[in-house]
Amino acid sequence: MENVSVSIPSAADWLSVSAEAALVCTAAVLLVLKVLLPARAEKFLNALAVLGLCAMLALPLAGLSGEKEASFFNMLFPLPSFELFALACAIFTSLMAFRYFSKDKALARAEFFCVLMICTASMMLFARSINLFVTFVSLECMTICMYILSAWSRRSAPSLEAAVKFLIVGGVSGAMILMGLAFIYGAGLSCGEDFMYYANFADGLNSKLFCFGLVFVFAGLLFKLGAFPFQFWMPDVYQGSPTPVSAFLAVASKAAAAVVIFIMIMSMRTYSEKFVLALSVFAAATVIIGNFTALTQSNIKRLMALSGVSNAGYILVLATAAASFALDPERQSACFTVLLFYLVAYMFATYGIFFVVNSFAEEDDSYQNMLDYCGLSKISPAASSTLTINLASLAGIPPTAGFFGKLLVILMAWFAGLYWLVGVMIVGSAASIYYYFVWIRTAHAEKKGGEMVFAGLGGSASTVVALAGATLLFGVFIFSSLPAVF
Amino acid sequence: MQYFYEYLLTASVAVPLACGCILAVFPLSNKAARLATLAGLIIPALASLFLWEAFSDFRAPDTGFAFLTSAIYSGDLMPLFGLNGISLPMFVLAGIVGLAAGLWALGQKNIESFRMYAALMLIMSGGLMGAFASVNTLWMYMFHEFALVPTFIAMCVWGGQGRRTAAMEMAVYLTLGALAALVGLIMLFINSGSFNLIDMMQSFSAMPPSAALQNFIFPFLLFGLGTLVSLFPFHSWAPRTYAAAPTSFAMLHAGVLKKFGLYMLLQVALPLLPAAAKDWAGVLAALALCNVVVIGLITMAQRDVKMMVSYSSVSHMGICFLGIASMSVLGAGGAVLMMFGHGLSVALLFMLSNALVNRLNQWNMLWMGGVYSKMPVFACFFVAAILATIGLPGFANFWGELSVLLAIWKFSPVVCAVGALGLIISAIYGLRAVAWIFMGKPDKRLIEAEPVYEDLTWQERIPAILLIAALVFVGVFPDSITSGLNDVLGSIGAYATNIK
Amino acid sequence: MYGLMNFMLFCPLAAAALILLFMRKRPVGAQIVSVGSAAACLAALLYMFFGLGEGAWSGYFSAAAPLFKLGDFVFDFGLSFDSLSADMIFVVCFVGFLIHIFSIGYMDDDTAKPRFFGGLSFFMFSMTGIVFSNNLLEMFVFWEFVGFSSYMLIAHYSANADARAASKKAFITNRVGDFGFLLGIIWCWHSLGTVDFAEIKTLLAADPSRASTAMGLLVMCGFLGKSAQIPLQVWLTDAMAGPTPVSALIHAATMVAAGVFMMCRLGQIGFLTSGVLGVALVLCSLLAFLAGLWALGQTDIKKTLAYSTLAHLGLMGSAVGMGLFGVAMFHLTMHAFFKAGLFLVAGSVIHACSHEQDMFKLGGLLKKMPITAFAALIFTLSIISVPYFAGFYSKDAILNCAFARNVANADTLSLVALILIAAAAFLTPVYMGRFFFNIFLGSPQSAKASAAKESSAWMTLPLVVLALFALGGAWGVAYGLGWAGGLMNGLFPSAATEFVSAAYAQSLKILEASGSGMHTFEICTVCMTIVALLLSWAVYGRNRGADPVEKKFPAIFGALRAHGWFDDVYNYYIEKIQQRIAALLSVLDLLVLHQIIIRGISAVAAGFGEGVKRLHAARAYSYTRWIMAGIVIIFIILIA
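Residue numbers (numbering that gives the first Met the number 0), protein chains in the order written: chain W, 0 to 485; chain S, 0 to 499; chain V, 0 to 639.
Keep in mind the hints are simulated off the structure, nothing from the lab.
Nothing here was measured: the structure is a model prediction, and the numbers come from that model.
Heads up, a few of these hints could be off.
[As the list claims (entries may be wrong)] Keeping only pairs whose Cα atoms sit at most 30 Å apart, straight-line, the calculated DSBU-like set for lysine-lysine is:
1) Lys443/S to Lys373/S
2) Lys447/W to Lys108/S
3) Lys575/V to Lys440/S
4) Lys104/W to Lys42/W
5) Lys302/V to Lys550/V
6) Lys550/V to Lys447/V
7) Lys409/S to Lys200/V
8) Lys68/V to Lys200/V
9) Lys373/S to Lys24/V
10) Lys440/S to Lys24/V
11) Lys440/S to Lys373/S
12) Lys446/W to Lys108/S
13) Lys164/W to Lys102/W
14) Lys366/V to Lys452/V
15) Lys447/V to Lys440/S
16) Lys409/S to Lys68/V
17) Lys550/V to Lys360/V
18) Lys443/S to Lys575/V
19) Lys302/V to Lys440/S
20) Lys30/S to Lys377/W
21) Lys302/V to Lys360/V
22) Lys452/V to Lys367/V
23) Lys108/S to Lys377/W
24) Lys102/W to Lys446/W
25) Lys68/V to Lys277/S
26) Lys302/V to Lys575/V
27) Lys302/V to Lys551/V
28) Lys360/V to Lys440/S
29) Lys446/W to Lys30/S
[Said to hold, decoys possible] Here are some chain S residues pointing at chain V (derived, C-beta under 10 Å):
30) Gly330
31) Gly333
32) Gly368
33) Lys440
34) Asp478
The beta carbon of each residue, even a glycine, is placed where N, CA and C say it ideally should be.
Next up, chain W with everything else stripped away, as it sits in the complex:
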């Protein structure tokens, strides 16, 4: 067989993946230190990990000045905004983990942060890749790390049950994507075009085999995002896994899947109209299912999962709008900026809420009920007011960033002419008002209901207040400087 020219990545390529590389190296160093240093240095290591993460924030900012076109044999293209987003999620999760581990000393081991870093690195690659192989590999690496994280609190049965369920369903979806890849590769071979690259998706779409394969890939991505038929696993996994991990799952993995879907739609260029109907049906179903199921849900973490599902629905509405703008790429990139805006608003609100969920005394939060929040405003006014602000943001009440996110999604859907979808969204968000406001109402009720004791925000008070402030002010300032969208 002819000699296969093995090309070595150039210096520029390495520069473009500097953030991911730094993450993986820190993880490795941490592991080594963990072995060398005595046990009691544990806390020091965890602190080092968090500081490392914060330092790494600078890398994507620096990378910003990097070139615009693809790197690493044009399999990755620079997406610094998402890298910043992923790192922010990782930092918040690790801060939450400190608070979580203070409740149960045995769990507080440095490996948690290593796995977390590797997962974040693979997530960044997953979002940046424009080659299906790289996408699949980073997706699988990310998912496996998440299995480990969700099974972290070994002693609590729900955590293990959650991990096992996540493993089975994750495995099935991974297998599905792989099969899709095989079909796409086969389609590529038959017509001598390498369909692995997103760039040539456009001309791949007219071959039946390619479409068949692409459907499987999309199904896998929708599974990760939590769209309608594939979201059943979410409530169990969120309830079971430790709170920091649930938060990470809720925000980071959903965001990654959303970004990849968008990139795929954008790379289909003119052919994306075909997917508009399918996407709109799934979007509508997800919004309805997500919101109406949450109406009667009283378990807090399952409620957050379902609210995540409804937000996935809104993201899918945005994706449908992007798909229908096939002929006008400038509007599609506007959709992408709206997506990022929405994800950031969603991140602030959800992390704000999970910090409060994380501050209960018992170590196993999976049975936390709405009634445990009775009279929270008396116990700790800061927690209850930040909780109110963040819930209002998820519900879409104006001054908060969540409202602006929804407004932009509705605007985009309206530009795209999806009037009935906007109607479904209105009905969904009206229903969502109910379960968010029931929570606010119980937080401000005076009689003590549940048996779980709220143990005060403690160290995380400053982060929570910062998040609430961000929710309030982010929307107002960023929105008024977004003329590009209109």
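Following the hints, complete the assembly by docking chains S and V onto the known chain W.
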């Protein structure tokens, strides 16, 4: 200072919000908290009066808006404040009722965690001032939504009986209405290219949208804003909410926030979609009549003081909707006058009825009797408020009702006749309430409960005097509002000026 | 002139405000301020009449100040003064001033004097406003103020139950009348383009056909409501629950007469078409007759006088219905004096007998209260229109004009009207005789009556003055007794009587024109009065402590007492129909709209949510099955 008025207008919106945030964040002592609340409410009230007085000679002839803050700072989507003939009375109403609600709360000794109560009230009154002052329709919508969460929390914590279900019902209902209105706003934005009201007016006058498009957008705005104002089929949230809300929030919500829906119809929907407004006038008039007659009859069947006041405020909104349905300068001007007068009188009624129920801790009017002999000052204010509500001349409400009825006659004499029935219905339930509460003798069941018959304290009299003074001032000098209204409504082509 | 009118209008208002704000605890101060303002208004009026100041009063004056302008609707606050309003304003100010004096005496033992005198002043302000207003809408505004002041004064004794019900009933019935009145005004503004009397006059003079009957009838609702005519007369008799000076001033002399004044004002400018006048004639003459009958069924002094007021208002209304606005005003003026007098007599009697109001418990007061009795005699003779008394000239003028009209156009309407008016004239002596005989003659029937003694000077002085006017009031008008250089005409300033004497002279000319039958008719009316008086003496002469008709024919007495079952019909409507509808609607609103629709939707949503929630808590393999299903769905959609 060159732009003094523009800064004053921005300050009157920013100060209450800032004081609210300060109260919420910093743990101030009780005295400092009361001082901050007072400052946060007096400044906007005085500013609004000052702007009212200075309005006539600062009105820009082309845009119709005075004190446009685009002179100070500009940003495509930054909030832009300005006042015109329609928004000025509402702005003053928000200032006065906000101050009255604040003064009443300051006078109360028994509000626990007063700091939180005052913070929520300040945020709400700041939102209301912003809603009426902003020219940018998106900001107008957003400031109005500022009031939703504070009212919800206030009802949950300090509300009356049945507050939990009422709070939830209000939240879901108002958000549904608001979302429908938002969709309407977005459609306006898409067709006109900007959220700024002045640009929308220009682009719509240059290229008016087709009648079909107008008829597609208008119902969203009509029924969305109708829900906020408790138009007939969407009114069921209003009575329970006002009865269950704590006094200051009931005053602000029933007195001012309820008028926002009408204000937005008058300021945004009618000038931009005149053709649709004409087509929908029939439906609107029919629903408004249901409001006046059906809910008027329901008010007669009420025995609870607060429910009676709530239902009466819902039924009086019917008159304002008739004014809008008449599509004439006289009718729309009458609607604004009615909103101003009704806002003040219903706020006063809520304050007094809450004071009465707190003293006698009895809500049934039939049991209360002979209150006049024990609380004469309270009786004077209550009777004055009832007389203003039923439209006795000398108060602003009379001018509103008169103009609306005069205008709606051209629309159809039958509608005017049925609308005028409201005069009799309101007289019946108003005077019946006064007869039950103040005359005759108290029921023996009430005497056993040894009610506290202590007359209004000075902290409670000042807000009452404030509200009555405003009512009588506009009642005797209606020209202060109508001059502004004539210019702005006259300039809108859609309104028929001569309807004789 | 304009300054004087403004002063007369706003002085009582200032007095009322002063009392309300500063004198709530100082009864004496309140009295002084209130009576002072009434005196000042009277003095200003006389000053205006006698033209002492610049330029004598010249026939017509009108001036306006801009008040309200919105769109093309302009409403100016205008004051106008012509001979008609001169007559009315004199009655209002003069009788009002006398009643202010009387109420000082009557209210001496009352605790809420400031509120009473404040209310009186506010009433004087609103009554002067009605007289001075130069357009329909301004009259409507003061109409409401008058309704409110009567509401406030009826509810003076707020503790007792019937005052509470009466005040509410009075205001609501007035509001029903005002409802029609407002609709009439709106129609007039739309059809004629203006509500100003002068402009309407010129418009209708040019084209009389523009005044429509329906519009006139609507405006007449205001008259029916305020002057308590047929459908809306139920409130006047209940209004007696208020203090007697209030009944005298408001429910006898001035407020109820405001309706007649308005009809005369509109009639003069040609606003009232023949159809409207016909309806007015029928309604008012019918009430004149029925009220006389019902008066026989009452035992309470003030109720009897109230029904006699209804009767006389009916007479004035029929005079308006016959188009004789001057004669109506003439009777209004005379009636104001003797009816106010009669009420003050009743007041002083009640005050003397420590609030005993049942006629048949009194008796023999002639000896105990000589001045009141003497005044009561004059008023009674005047009201039953004994020749040469004031009542004779005005009431018989109406009777003769009815006869002349029957002779002139001999249609059934004028015949029926004549019969009803004649019957009313016949009934007046019967119930007034019953009133006088049982109170002042015979022996006292109860301890309170025997303990009675003459009232104080405050109360007897107005009685004497009113008696003087009841005796000689009409001479000036009838015979034109000009003195003091033409400034005074009989007991009245000549300016006040100009409108009335012109009309009286004109009515005399009609009578001559109607041929010889007139003299015989006049003679038999006088005989009829005497016969009625004798009948009254025969039936009720020697008072026996109870109404003889009640003992002999209880059924008839019951029918009379029930005054035509109007009240029962209205109460039935309110309790059974209106209240039931209201309760039904409120339950419907709660049940249907709230429970079924809203709770229903939320229950459906929650049920759907609950169902799907159960799906989530299943085993892992069911999730995989959902994934496969999902992929199949994608394919179906893509292929479709």
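Results for each hint:
1. Lys443/S to Lys373/S: Holds - the C-alpha atoms of Lys373/S and Lys443/S are around 16 Å apart, at most 30 Å.
2. Lys447/W to Lys108/S: holds, 26 Å
3. Lys575/V to Lys440/S: Roughly 25 Å between the alpha carbons, so the hint for Lys575/V and Lys440/S holds.
4. Lys104/W to Lys42/W: holds, 10 Å
5. Lys302/V to Lys550/V: Holds. Lys302/V to Lys550/V sits at ~20 Å (cutoff 30 Å).
6. Lys550/V to Lys447/V: holds, 24 Å
7. Lys409/S to Lys200/V: holds, 24 Å
8. Lys68/V to Lys200/V: holds, 23 Å
9. Lys373/S to Lys24/V: holds, 15 Å
10. Lys440/S to Lys24/V: The given pair, whose Cα atoms are some 23 Å apart, holds under the 30 Å limit.
11. Lys440/S to Lys373/S: holds, 11 Å
12. Lys446/W to Lys108/S: Holds, because 23 Å separates the two Cα atoms, which is no more than 30 Å.
13. Lys164/W to Lys102/W: holds, 26 Å
14. Lys366/V to Lys452/V: holds, 9 Å
15. Lys447/V to Lys440/S: holds, 28 Å
16. Lys409/S to Lys68/V: Roughly 18 Å separates the two Cα atoms, so the pair holds.
17. Lys550/V to Lys360/V: holds, 16 Å
18. Lys443/S to Lys575/V: holds, 27 Å
19. Lys302/V to Lys440/S: Since the Cα atoms of Lys302/V and Lys440/S sit roughly 25 Å apart, the hinted pair holds (cutoff 30 Å).
20. Lys30/S to Lys377/W: holds, 21 Å
21. Lys302/V to Lys360/V: Holds, because 15 Å separates the two Cα atoms, which is no more than 30 Å.
22. Lys452/V to Lys367/V: Judged against 30 Å, a Cα distance of about 5 Å means the pair holds.
23. Lys108/S to Lys377/W: holds, 20 Å
24. Lys102/W to Lys446/W: holds, 27 Å
25. Lys68/V to Lys277/S: Within the cut-off at roughly 24 Å; holds.
26. Lys302/V to Lys575/V: It holds: about 27 Å lies between the C-alpha atoms, which stays within 30 Å.
27. Lys302/V to Lys551/V: OK: Lys302/V and Lys551/V at ~22 Å, within 30 Å.
28. Lys360/V to Lys440/S: holds, 29 Å
29. Lys446/W to Lys30/S: Satisfied, since the Cα-Cα distance of roughly 28 Å is no more than 30 Å.
30. Gly330: With a closest approach of 8 Å, the Gly330/S hint holds.
31. Gly333: holds, 7 Å
32. Gly368: holds, 9 Å
33. Lys440: Cβ of Lys440/S sits 7 Å from chain V, so the hint holds.
34. Asp478: Because about 7 Å separates Asp478/S from the closest Cβ in chain V, which is inside the 10 Å limit, the hint holds.
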